[in-house]
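**Student:** Using the sequences and the hints given, assemble the complete structure.
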Amino acid sequence: MPALAKYMLRRLAQLLPVALIIVLCSYMLLRMAPGDMVDVMAGESGSATPEYMAQLREQFDLNAPGYVLFGRYLNNLAHLDLGYSFRNNMQVAELIAQRVPATLTLMLVAVVIAAVLGISLGAVSARYRGRWLDEVISTLSTIGFATPVFWVGLLLIVVFSINLRWLPSAGMQTIGGVDGFWPSLLDRLRYMALPALSLSFFYLSIYVRMTRSAMLEVYGLDYVRTARAKGISELCIAVRHVLRNALLPLVTITGLQLGSLMGGSIVVETVFSWPGLGRLAFDAVFQRDINLLLGIFLCSSFLVILMNLLVDLLYAMLDPRIEIRS
Amino acid sequence: MSTPLLDVRHLRVEFGSPKAPLIAVNDLSLQVNAGETLAIVGESGCGKSVTALALTRLLHGSQARISGSVKYRGEEISTLDERQMRGIRGRHIGMIFQDPMSALNPVMSVGDQLIEAIQAHDKLSRVQARARAQELLEKVRIPEPQKRLDDYPHRFSGGMRQRVVIALALAGRPSLLIADEPTTALDVTIQAQILGLLATLQKEMGMGLILITHDLGVVAETADRVMVMYAGRKVEEQPVHGLFAAPRHPYTQGLIAARPALQINPTARRVRLREIPGMVPMLSQLPEGCAFAARCERASDACHQQPDAVRIDTLTSVACHHPWQAIDHPLLQPQRAHA
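Chains as they are written, first to last, in my numbering: chain A, 1 to 326; chain B, 1 to 339.
No lab work stands behind these hints, which were simulated from the structure alone. All figures in this text were calculated on a predicted structure; none of them were measured in a lab. Certain hints may be false.
What the hints assert, rightly or not - Computed spacing ranges between beta-carbons, pair by pair:
#: 1; chain 1: A; residue 1: K6; chain 2: B; residue 2: G87; range: 49 to 55 Å
#: 2; chain 1: A; residue 1: C236; chain 2: B; residue 2: P143; range: 46 to 52 Å
#: 3; chain 1: B; residue 1: T314; chain 2: A; residue 2: R131; range: 44 to 50 Å
As the list claims (entries may be wrong) - Far from chain B, by Cβ distances over 10 Å, these chain A residues were calculated:
#: 4; residue: M8
#: 5; residue: L15
#: 6; residue: G35
#: 7; residue: D61
#: 8; residue: L62
#: 9; residue: L104
#: 10; residue: A123
#: 11; residue: L155
#: 12; residue: Q173
#: 13; residue: R209
#: 14; residue: L221
#: 15; residue: Y223
#: 16; residue: C236
Just so it is clear, CB atoms sit at the ideal spot from N, CA and C, and this is done for glycine as well.
**Tutor:** So, in structure tokens, the structure goes:
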């Protein structure tokens, strides 16, 4: 078997224990939270009697001790069944499958915006170190670094949706949809703009700062002097020699940040009513929909682990010194 | 006399604030002719490397202030702008650096780095440039050059990497090569190979070579003329045979005396290595006058004033108030007809 396939297989096998630990921890945390699904439903109806609540608990099979329920859940998992969300009256797997594309698109667009803008600004900043342009970029990135995501989102809504009325503030597309491929794509992009921007803001700042410091470090290295001694242009030096080497730590950071990006998307999806996994999780917490929440945790941790695997492969592609061995 | 290949006059390099500058190179003049090897010798921190970098203005980002005149083939290059200077680097003056382990970009294949250097100065297609890159690797005696083109630097040993660095420096077919301690990071057998290679290439291409080193053995083997630097200044300049036979400056004397001698008879009493007492003064605390005076056994009151370089003959000069005369040199009989 080629080394790459072997390596992937081994990495994927590591998923299992990780998934088990994640499920166990989140299950215990959720059980420790006060109230269950029935409490929430009773509160919402406003007129539930204790008898009715007991009957509901019986119906949803919530009376068994925790370890029995957990064992049952694991058994279902082993049969690739994520369980049923009584609140949404749907299979958890189906619910998640509906929401995953929205979240993935949002995350992907945010990462691309953050990486492209962040790396370019960071490179410019490093190139003009100490001049006014560097000062402006560095100051802005510090502000971006220190600003909470939800606040950026609210601010964008106030400016671009309410005051300027340029962009919609909630949802994923015009209700009912738009005819034609290009108009519909444009429509989606318009809805995507504000959430993606606010989600990318924080990461953009990280990229700017990381790129700047990594490039400055590389600028001081011997091979940059060698490149200069060849008589090639500063732009070639910056792009081919400095940036390419500075990208390596950035790829690592991207991998590490993917988990937190998932968390950030929950906030953004809530602010912008984006119908993604994050919103679903947010609602599930308030509805004490344990099955759904566990399913989401599992799914998102799988996503993060898979993306980390991708990042590692990318790393091996970028740096010839790293070879994949199984 | 014809115009020298490189003619440097009163080169001065300062770092730090203009009010309290650190003068790394002071009033340095040197000439190199085509096909000639000039060795610049001195302890670490004496300004050798700074001189090398200052000539092609590669002291990037350190905010060094460089003054003086640098003439290449009679044309002033110290006043060129950055873009014009790029046309000089690599094409006319090639550079080889000390540490081959860090002098190559780790994420670019050796071939790509060579092609980049070739295309910087010659309008060649990629295929043509690749063919030239292969020739260059052949020229620096790398076995199986065609296969090695696509390898990354980490697959080369130190000596092989230095060969690649030399190939890079030759890519623009320069007429002057500046080698800044090209063998310091290599082990001794490889050192000899690399020096031999440099000498062969120099002869083949008729290049001028400035060889910066602190290794007097290297100097004796390869140089035509030697310039000794101390604390940023030239203290002595001589043809190589004269320097070893009759060093004029007390510092040069000390350097030569401090070389370990090979002891043939292992049972003989070990001879203690001669050393120069004291330390090189820090740039921020240079004394008035001769910087070597504090370590010099011949120092007198006169040494509180900077000695001028005195020409002894066309090729020899020394900056000392009390230079050794050939006649009072302990190793020499009174003035032989020719050394």
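**Student:** Next step is simple, just say for each hint if it's right about the structure.
**Tutor:** Cross-check of the supplied hints:
1. A:K6 / B:G87: 49 to 55 Å: 51 Å, holds
2. A:C236 / B:P143: 46 to 52 Å: The hinted range 46 to 52 Å is violated for A:C236 and B:P143, with Cβ atoms some 30 Å apart.
3. B:T314 / A:R131: 44 to 50 Å: About 49 Å separates the Cβ atoms of B:T314 and A:R131, which means 44 to 50 Å holds.
4. M8: 23 Å, holds
5. L15: 30 Å, holds
6. G35: At about 55 Å from chain B, A:G35 clears the 10 Å cut-off, so the statement holds.
7. D61: 57 Å, holds
8. L62: Label holds. Min Cβ-Cβ 57 Å, cutoff 10 Å.
9. L104: Per Cβ check, A:L104 is outside 10 Å of chain B; nearest 30 Å; holds.
10. A123: Non-interface label on A:A123 holds, nearest chain B Cβ at 16 Å vs cutoff 10 Å.
11. L155: 38 Å, holds
12. Q173: Given a closest Cβ separation of 42 Å, the condition holds.
13. R209: With a cut-off of 10 Å, A:R209 remains clear of chain B, as the shortest Cβ separation is near 20 Å.
14. L221: 7 Å, violated
15. Y223: 4 Å, violated
16. C236: 7 Å, violated
Comparing the model with each numbered hint stated earlier shows that hints 2, 14, 15 and 16 do not hold.
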